[in-house]
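Protein chains: 2
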Amino acid sequence: MKIISENKAFGGVQGVYSHASEACACEMTFAVYMPPQAENGPVPVLWYLSGLTCTHENAMTKAGLQAHAAEFGIAIVLPDTSPRGESVANDDAYDLGQGAGFYVNATQAPWSPNFQMETYVASELRDLVTEKFAVSVHHGITGHSMGGHGAMTLAMKYPGHYQSLSAFAPIANPTQSDWGRKQLGAYLGSAEESWSANDASLLLKERGWSGDILIDQGADDQFYDLLKPESLVTALVETKTAHSYRLQKGYDHSYYFVSTFARDHVAWHAERLKG
Amino acid sequence: MKIISENKAFGGVQGVYSHASEACACEMTFAVYMPPQAENGPVPVLWYLSGLTCTHENAMTKAGLQAHAAEFGIAIVLPDTSPRGESVANDDAYDLGQGAGFYVNATQAPWSPNFQMETYVASELRDLVTEKFAVSVHHGITGHSMGGHGAMTLAMKYPGHYQSLSAFAPIANPTQSDWGRKQLGAYLGSAEESWSANDASLLLKERGWSGDILIDQGADDQFYDLLKPESLVTALVETKTAHSYRLQKGYDHSYYFVSTFARDHVAWHAERLKG
Numbered sequence: 301m302k303i304i305s306e307n308k309a310f311g312g313v314q315g316v317y318s319h320a321s322e323a324c325a326c327e328m329t330f331a332v333y334m335p336p337q338a339e340n341g342p343v344p345v346l347w348y349l350s351g352l353t354c355t356h357e358n359a360m361t362k363a364g365l366q367a368h369a370a371e372f373g374i375a376i377v378l379p380d381t382s383p384r385g386e387s388v389a390n391d392d393a394y395d396l397g398q399g400a401g402f403y404v405n406a407t408q409a410p411w412s413p414n415f416q417m418e419t420y421v422a423s424e425l426r427d428l429v430t431e432k433f434a435v436s437v438h439h440g441i442t443g444h445s446m447g448g449h450g451a452m453t454l455a456m457k458y459p460g461h462y463q464s465l466s467a468f469a470p471i472a473n474p475t476q477s478d479w480g481r482k483q484l485g486a487y488l489g490s491a492e493e494s495w496s497a498n499d500a501s502l503l504l505k506e507r508g509w510s511g512d513i514l515i516d517q518g519a520d521d522q523f524y525d526l527l528k529p530e531s532l533v534t535a536l537v538e539t540k541t542a543h544s545y546r547l548q549k550g551y552d553h554s555y556y557f558v559s560t561f562a563r564d565h566v567a568w569h570a571e572r573l574k575g
Numbered sequence: 301m302k303i304i305s306e307n308k309a310f311g312g313v314q315g316v317y318s319h320a321s322e323a324c325a326c327e328m329t330f331a332v333y334m335p336p337q338a339e340n341g342p343v344p345v346l347w348y349l350s351g352l353t354c355t356h357e358n359a360m361t362k363a364g365l366q367a368h369a370a371e372f373g374i375a376i377v378l379p380d381t382s383p384r385g386e387s388v389a390n391d392d393a394y395d396l397g398q399g400a401g402f403y404v405n406a407t408q409a410p411w412s413p414n415f416q417m418e419t420y421v422a423s424e425l426r427d428l429v430t431e432k433f434a435v436s437v438h439h440g441i442t443g444h445s446m447g448g449h450g451a452m453t454l455a456m457k458y459p460g461h462y463q464s465l466s467a468f469a470p471i472a473n474p475t476q477s478d479w480g481r482k483q484l485g486a487y488l489g490s491a492e493e494s495w496s497a498n499d500a501s502l503l504l505k506e507r508g509w510s511g512d513i514l515i516d517q518g519a520d521d522q523f524y525d526l527l528k529p530e531s532l533v534t535a536l537v538e539t540k541t542a543h544s545y546r547l548q549k550g551y552d553h554s555y556y557f558v559s560t561f562a563r564d565h566v567a568w569h570a571e572r573l574k575g
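Here the protein sequences come in this chain order: Y and W.
Residue numbering for the first sequence follows the working numbering, beginning at 301 and increasing consecutively.
Residue numbering for the second sequence follows the working numbering, beginning at 301 and increasing consecutively.
Certain hints may be false.
For chains that are exact copies, the list does not tell them apart, and a pair is met inside one copy or across any two.
[As the list claims (entries may be wrong)] Simulated crosslink set (EDC-like; lysine to aspartate or glutamate; CA at most 20 Å straight-line): (1) 362 / 306; (2) 482 / 392; (3) 505 / 327; (4) 549 / 339; (5) 362 / 493; (6) 549 / 306; (7) 549 / 322; (8) 574 / 564; (9) 505 / 322; (10) 457 / 492; (11) 540 / 506; (12) 549 / 371; (13) 574 / 327; (14) 482 / 520; (15) 432 / 525; (16) 505 / 493; (17) 302 / 427; (18) 549 / 564; (19) 362 / 538; (20) 432 / 322; (21) 302 / 357; (22) 574 / 492.
Simulated from the structure, these hints should not be mistaken for lab results.
Please model the complete structure; the sequences and the hints are all you need to start from.
Written out as C-alpha cells, the structure is:
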C-alpha cells in the first residue's frame with residue numbers, strides 16, 4: 301500500500317492511498333479518514349460508496365464527513381467507483397465503464413477482467429483496511445446515488461459484514477431504470493435473471509435486511525425519475541423492514557444535499573456501531 | 301446579475317451569480333450562501349477571500365462554511381480572486397494575473413484596466429450584495445492565504461466597512477516575500493513606497509485595526525516561509541492589537557486546515573456582528 305497524501309483534519313488524518321488490487325487487476329486508489337480517537341485504539345468504520353463519475357475524492361472534499369467522523373469517533377473509507385487505467389476497458393459515456401462500476405462483479409467482456417467492484421469493496425479492500433488501519437470489527441455502509449444502491453446491495457449480500465446501513469438518494473430499482481438496465485446489461489449480460497441479485501428493491505424482497513435503514517432523498521432531485529425511489533419505498537413497506545425514509549423538501553442530487561444530512565448519517569451509524 | 305446556479309444547503313441557499321463589473325471591466329462570478337434565517341429578515345454577512353489559483357468555487361465546495369453559517373445565521377460571500385476572460389491580461393505563472401489578483405488596484409500595464417480587485421471587493425461587489433441580498437449593515441471579513449492578507453488589508457483600509465476580522469494562514473508580509481514582491485512589483489510598479497499600503501504587517505503599524513483579530517496558522521504549513529507569519533505576530537504585539545493567534549500543530553495549508561477551524565471563525569464573526 302502506497303501513501304499518496306496525508307493531511308491533518310479535525311484532529312485526525314485524511315489519507316489517500318493506492319494498492320495493487322487482485323480483484324480489479326489494476327492499481328486502485330482509496331481514501332481513509334481516521335479520527336483522533338483512533339490514537340487510543342480501534343474505532344468503528346463507515347464505508348461511503350460514491351456515485352457515477354466520482355472517484356474517492358469527490359466525497360472526501362465535498363461531503364464534510366470528517367467533522368462528523370471526528371465528533372463521533374469513527375473512521376470513513378471512500379473507495380473509488382471502478383477500476384481505472386489505460387489497460388482497463390472503458391466507454392465514452394459517463395455512465396458506463398470507468399467511474400461507473402456499479403459495485404457488481406462483471407461476467408461479460410470486455411468488463412470482467414477488471415470490473416469486480418463487489419468483491420473489491422466487500423472483501424479485498426475490507427481486508428486491507430482491517431489490516432492497515434486501527435479499525436474495529438464494527439462496519440457500517442452508506443453511499444450516494446449509484447453508491448447508495450451499492451451500499452444497500454452489499455449490506456444485503458454480505459450478512460454480517462455490515463452492522464448499519466444508510467443511503468443518500470440511492471438508485472433504488474436499477475432493473476427498471478436507464479440508470480441500471482444499460483450497466484447491468486453490459487456487465488452481466490442480456491439474461492435479466494442475473495440482474496435481480498443486483499437490484500436493491502428486488503433484493504430486499506428476496507433476502508431482506510436484518511437491521512434498519514436510514515434513507516434521505518431530495519424532493520427536488522433532478523434525477524428523481526431515474527432513481528425510482530417509489531420502488532424502494534414500496535419494498536420497505538411490503539417487507540416491513542425497519543427504516544427511516546426522509547423526503548427532503550427543496551434538496552437536489554448534489555453534494556450540498558449530501559453534506560446537509562451527512563451528520564445525521566454518521567450519527568445513525570455511530571449509534572449502531574458503538575452501541 | 302445572472303443566476304448561474306442555486307442549491308439548497310443546510311436549509312438555506314448556496315448560489316453562484318455573475319455580473320458585469322465596472323471596476324474590473326469584465327464579467328465577474330461570485331458565490332453567496334444565504335442561511336435559512338434570512339427568510340425572516342436581513343442577516344450579517346461574512347466575506348471570505350480565497351487564495352492563489354482559487355475561484356469562488358474552492359471554498360464554496362471545500363471549506364464547509366455553509367453548515368456554520370446556517371448554525372449562526374450569517375450569510376457568506378465568496379468573490380473570485382481576480383478578473384477573468386480572454387480579453388484580460390494574464391501570465392503563465394500560477395501566482396500572477398488571473399487567479400492572483402492580490403486584492404489590490406493595479407496601476408501598471410497590462411494589469412490596470414482590469415485588476416482593480418480592491419475596489420471591486422470593498423465597493424462594487426459590496427454594493428451589489430447589499431442591494432440584491434437580505435444582508436444587514438454588519439459585515440465581517442476573512443480569507444485564506446492571499447485572501448487572508450486581503451481580508452486584513454481591506455479591513456484596515458476601509459474603516460467602518462468591516463466590523464470583524466479573521467484570517468486563515470494569511471500571507472503576512474508580502475513586501476518581504478516571493479509571495480508579494482513579484483505581484484506588487486507587477487501590479488504597482490517598481491517604486492516600493494507604493495507597496496507598503498498593501499502589506500498587512502506594515503499597514504497594521506501605520507493605520508492599526510480598531511477591533512480584534514483571530515488568526516489560525518498551521519505549524520506544518522508547507523508555505524510557512526513564504527507567508528512570513530513572524531512579521532505579523534511582531535506587528536500585532538508591537539501595536540498592542542487585540543488578537544488571538546493560534547499556531548495549530550500538525551496542520552498544513554490545505555482546505556483540510558481551513559475546514560477544521562472554519563466553525564471557530566464563523567462563530568468569532570457571528571459574536572461580533574450580532575452582539
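Identify every previously stated hint that the structure contradicts and give their numbers, smallest first. Violated hints: 3, 5, 7, 9, 13, 14, 15, 19, 22; rest satisfied.
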